[in-house]
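Undergrad: Now for the letters of each chain:
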Amino acid sequence: MATQKIKLNINGNEIEVVKNTTLLDAIKKTGITVPTLCHHKDLTPDGSCRLCSVEIELDGKREIVTSCNYPIRNEIRVDTDSIRVKKHRKVLAEMYLGRWPNVPAIQEVASMCGATDKERFKSELTDTNPNACILCGKCKRACEEFIQEKILDFAGSGIDRHITMPFGEVDPHCVGCTSCAYVCPTGAIQIADDVNNPVDPELIRERGMRVNAEMATLDPYQCRMREVGTANIVEVMDAYDLLPVMNYKFGKHEDTHKIDSKMMKKHYFTQGQPDQCWHGCSMACAKAVDGFKLKTGPYKGDRVCVDGPEYETAAGGANMGCFNLDFIVEFNFYCDTYGIDTISMATTMAFVMECYENGVITKEHTGGLELNFGACDAVLECMHQMAKGSGFGKDVGQGIRWLKQKWIRDYNAPADFLNDIGMENKGLEYSEYMTKESLAQQAGYALAVKGPQHDEAWLIFIDLVNNQIPTFEDKAEALYYFPLFRTWFGLQGLCKIVWNDVSPADNKKYPPQEAAKIPGHVENYWKFFEGMTGIPLDEEKMLDQSARVHNLQKMIGLMLGRNSWKEDIPPYRAVGPVTAQEYESRQERYDKQIMENIKLDPDTISTEDKIQKLREYRMDQYKKVAQAAYKRRGWDEFGIPTAERLKELGIDKPELLEIIELARKNVEPK
Amino acid sequence: MIIVNNRDKLEWKNGMTVRDVLSAMGHVYPLITVTVNEELVEEEDYDTRKVPDNSSISVFHLAHGG
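Chains as they are written, first to last, in numbering that gives the first Met the number 0: chain E, 0 to 669; chain B, 0 to 65.
Note that these hints are calculated values from the structure, not bench results.
Keep in mind it's a predicted model, so treat the numbers as computed, not measured.
Worth double-checking, as some hints may not be accurate.
Interface residues of chain E toward chain B, partial, derived using beta-carbon atoms under 10 Å [as the list claims (entries may be wrong)]:
{"hint": "1", "residue": "Thr2"}
{"hint": "2", "residue": "Thr163"}
{"hint": "3", "residue": "Phe166"}
{"hint": "4", "residue": "Arg223"}
{"hint": "5", "residue": "Leu293"}
{"hint": "6", "residue": "Thr295"}
{"hint": "7", "residue": "Leu458"}
{"hint": "8", "residue": "Trp498"}
{"hint": "9", "residue": "Val501"}
{"hint": "10", "residue": "Pro511"}
{"hint": "11", "residue": "Met618"}
Listed below are several chain B residues computed to face chain E (Cβ distance under 8 Å; list not exhaustive) [claimed, not checked]:
{"hint": "12", "residue": "Leu39"}
{"hint": "13", "residue": "His60"}
{"hint": "14", "residue": "Ala62"}
Think of the CB as a built atom: it goes at the ideal place given N, C-alpha and C, for glycine as much as any other residue.
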């Protein structure tokens, strides 16, 4: 629907605003100040103090309205300062002054309204405490809107009206977010205790409140984390051809709507309040399904509560070709119950299914399980076997690397094909993003020290959609900054979600390269660190802290005989099309690359030849980006940290220098 | 012809708005910043802001998830 704009006249000045903008916001746009008491820019307007009243004229009729909660839907004339309005405000301000004469916030607003007489409305209700509660209700709204709780509310009526927790007792549902104290204009709500003895609790609180406000005001229009959690990404990835489908062969599917966040919200999610995984966090991204009746396994017939599903679990369903939410929720439950990672399980099963469909393994090997893509029941059976340590499931539990080795060795399986489609790197299964068309993301996964886990570098959109890092050097810079930033906050035990699953309203002011980092939120992390430790941070200091650990991780890998340059090479399925079916599914894109980059006429060569030419080109591109990333990280051409880099970082200890010297001595030739 | 993100070409049509460009490109993402010839366009103006022929449009997707 088109955005509708409406003209209005404020004190003689014409302006235009989007329909349903509040009158107070429109007035502010003109630079005019109107007194307010119960209003907070990040909370739903209440209109209870009535100090923001102004006079409007609509269809020749004049009336006084509270501007904070008056939505502009018609062309109106507004007078913010008429005699009638001024008189109205002055009487109100005197009433407030009579009841709470010593509260600075009241004195300030009274002064704005020209009210000085404290005696006119003095009564037995007069409270001389300068920190008295003035019943503005901001704390109640902050609790509801920032945290989605109802810990605070008004009780009593008339002269007995007051703010309280239920039954006047401490409510265990309070997550300690301190929002109520933060928005309280008088100091009536005080924070009694700061856990962990931070150096500067106010600095931490101020940053936390920014996030709370963003969650209340921006999240409903951005990622909807409170509504559906990370599941919102399912439909986004499908729309951009990036959802892993059938062992990463494809990036979208016509049945994705059956497992997307809309479907989860409508039929499954029953819980969505803050679960306190982070004390005081307002994001409430965790979702749960209550009363789910299990159809298989040891708890068959039981009704259970399932924590999830999150994006990766649902996308794992797509990767196995299982577009069935009943299955995904049951899969989620049993993975959690058995202590199995949903990502590794789904990616391993997707590999098994592709091998089954290609005759690499048969029912003879699987103990009778028919493991085609979409075989939901067989996946669950395999998982139950895995948990019992029996049957084919026991083998599947060893992961893709082990299965490849066994099947090549024992079943004479085609090694090239298995190595191409087995989506693991450094022994870890890929997480659920389809990387074929993003060189930076291919390297983000395969150059991750721990294996292809997306928390080191998630660069698909920056690279593939935005075309923001076109050169190898640009990609290398992103492959330097993002893994180090993410390693850094992981080391502090801080959550990733508040970095980029909500974005500050002013992030658009930054140029794209900076905007991608979300500078305002990165600063939140630094200020949190500073508030806890007293040590100020900037980008250079943060990256250096992180690089020390990142290089140590790399050296530990080398010391254990892992993390050689060969282990930084991804399986080809992560880089380009392995099969003719995959090539043809994106023929236009691949033919264009063959024509523009490889300078061949795609109409004159066979699909098999095109696949081969594309493979040579793409693997060459990958090797170039890996070399650029090594260089930017201060590593040599074999991905081994240099002595100079260790010295720069202050970790050039003899025992560490020995590790890199030994690794260089034993390096496998290219 | 207009260019999107320094790479993708889109045929220009008379009266084309920013919203039309986003629809044609399939850009349904919630976190985007649009500039037309390096000038920021606010979301409230997507329906009314006309895109001149030969424009360079940036549709910056701010990554989330991952």
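Undergrad: Evaluate each hint against the coordinates.
TA: So, going through the hints one by one against the coordinates:
no. : hint   : result
1   : Thr2   : holds, 5 Å
2   : Thr163 : violated, 38 Å
3   : Phe166 : violated, 41 Å
4   : Arg223 : holds, 8 Å
5   : Leu293 : violated, 29 Å
6   : Thr295 : violated, 30 Å
7   : Leu458 : holds, 8 Å
8   : Trp498 : holds, 9 Å
9   : Val501 : holds, 8 Å
10  : Pro511 : holds, 5 Å
11  : Met618 : violated, 22 Å
12  : Leu39  : holds, 6 Å
13  : His60  : holds, 4 Å
14  : Ala62  : holds, 4 Å
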